[in-house]
Structure formats: C-alpha cells, structure tokens
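Engineer: Below are the chains, spelled out letter by letter.
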Amino acid sequence: MYAALWRALPGPWPVRLAIVLALLVLTAYLLIFHVYPWVMQTFFPTPDPTFAGSDRRSSAIA
Amino acid sequence: MAASDARARRSARPRRRATVSSVLGELLLTAGVLALGYAGWQVWLSDAVLGEQQQQAARAFAAELVPGAPAVADASAALRTDEPPVEDRAADRESFAVMHIPRLDEFERVVGEGTSRAVLDSLEQGLAHYRESAMPGGLGNFAVAGHRNGQGGPFTHLDEMRIGDRIYVQTASAWHVYAFRNHEYVPPTAVGVVAPVPQMPHVPADGRYLTLTTCNPEWSAAGRLIAYATWVGWQSAEDGMPLELAATLGRA
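Sequences listed follow chains A and B, in order.
Read in order, the letters of the first sequence are residues 1 to 62 in our numbering.
Read in order, the letters of the second sequence are residues 1001 to 1252 in our numbering.
It should be emphasised that the hints constitute simulated quantities derived from the structure, not laboratory data.
These numbers were taken from a predicted model, which means no experiment stands behind them.
Worth double-checking, as some hints may not be accurate.
Stated by the list, open to error - Facing chain A, according to a computed beta carbon distance under 8 Å, are these residues of chain B, among others: (1) LEU1036; (2) TYR1038; (3) ASN1149; (4) HIS1157.
Said to hold, decoys possible - In silico negatives: residues of chain B with every beta carbon more than 10 Å from chain A: (5) ALA1018; (6) GLU1026; (7) ALA1091; (8) ASP1121; (9) LEU1139; (10) GLY1146; (11) GLU1160.
Said to hold, decoys possible - Taking CB as the label site, the calculated pair distances span: (12) B:LEU1024 <-> A:PRO12: 26 to 36 Å; (13) A:ARG7 <-> B:TYR1185: 23 to 33 Å; (14) B:SER1076 <-> A:VAL35: 34 to 44 Å.
Glycine residues also receive a C-beta, built at the ideal position from the N, C-alpha and C atoms.
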C-alpha cells in the first residue's frame, strides 16, 4: 500500500521524500488540532471534578 | 547515464505484489501508530491544545463583556471594600464571568452556569459554577469546578497556588478580587466544601468565599483537590482591568 503510494509520487527520490515529509506534517497537524480533540471530546470524558449530590439537576446531564 | 542505470536497476528488482494481507498489515500498523499518537497527545498535548482554545475564547468573551471600558484601569481606581454590586443569576449553561488566576500562568477562563458536562467540557467555557452557590462577590461561597486534566484541564496546577495569590472574577458589572487561603484534599463525597461557609454546612453565610474544586490525583476521580479563597474587594467593571492584574500580566 505505502509502496504503491511511493511509486505513485512524481519526481526523483529527493522530491518524493519531500512530498512524503510534507504529507506527514499535514497529517500530524490535522491529528493534533482537529482529529484528536474531537476524539477526546467525543469518546474520552475526563473524570467529573464536581461533588456527587451537590447539584442535583446537572448530575442528571453528567 | 547514471539516471538510466538507476532506473534499470530498479526495474530489475522484482516488484513485490501488494496482497490482501500486506495491505491489512500496513493498515493495522497505521492504526497502531494513530492510537499510540492519541495516547501521547492526551497526556502531553491535549491540555495545551484545548486549553489554548478555552483561553482564546475567554479573551474574546472578556473583551466584549463591558463594551467601551478601558483595557486597563488607571491608578485612581482603587480596590473598594464596600458592598459590591449584586450579580444576577445566570441561566443554565450561560457564560457570565471570566476568571483570571495569574499563578496559573496568564490563566483566563469563562465561567458557565451549572456544573454540567456541557460547561465543563466546553471549549468556550471550561469552568462551571455550582448552581446553588453564591454569585461572584455575593455573601456566601462562590463555588466553581474545573477539570484537572483533559478537555482543556484548567486546574492542572491548582496545587501550586500560594497563600495570598489573587483570583480575579470579571463580570459585566465588577471585578471581584479574592485571595487564595488554603488547599484541602477531600473525598468525592465532601459536599460541604461548597457550603456557604465551607465545611460548615449549618452555619449561615458570614463572609464572601470562593471555592475551586478539581480532581485529585491527576487523571483520577478518586479524590478532590479544593482551593479556598476569601474576598478582598471589588472594582467597577467600567474602570477596566485592575492595575495590579494588568501589571502582573505585563499589560499595564
């Protein structure tokens, strides 16, 4: 799969390497600032810092 | 010549066919790298990334809280210790204040009403006001919860507060100034920390307190870390940011 991607890139190997590095940087940027934040907010709630029973109405939401 | 040699050598090498299992293997490796990346991100980068978003949101919210107020108060606007203006109750999930804690590194966060996940996990807010506790500057206890880690983790370093550290609560009508007094480590059942007089649930309000609650130890809900502060005074919101805070932040 990645070998096919490497062959599909244009130019001699230094150009391909530069393109691959640019793609890696772009992927990392998207992961760090968009994908991972979404994953955390959607699937990994952090422990509740409040007190059980201190706020009855909102504990139903939590 | 050299280029054609290289091409000849490359084509001479037998090209391995991509099989179902080789593609599957590469996909699994990729998934592993992404998952490890997430784990590392959550531990080392999440609070910087999400916290920065909350910080920016707080800055924008604070800027339009009092239209026309000067950015920084002049020297004539001193801290007042008379009766502060009464703050109106906010609607559920409504943003109504910005908290500034210089000890937590230029910390600015929006306080939303009610300790729901919607407020605690919000990238626009992050700090959640206990609905039944007093409003900022009010007689009793202004109690606020925030995550220790994750979802912006506003209170990661709450354990580093030192006696006398200022906590500024900015609303549409006033800047309420509190001074940090002490920490307390309690179990998650210690509801008394948000009582009008902290830990004295049967005593009627006798002063103006501020209580911050967060998780302890880090990444765990096994206990709670509490930071108490007492009211020092207030300044009108029309005056702009108190000079003392502006000086601390280097904005004076």
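Engineer: Mind listing which of the numbered hints don't hold for this structure, in increasing order?
Structural biologist: When the structure is compared with the hints, numbers 1, 4, 5, 6, 8, 10, 13, 14 turn out to be violated.
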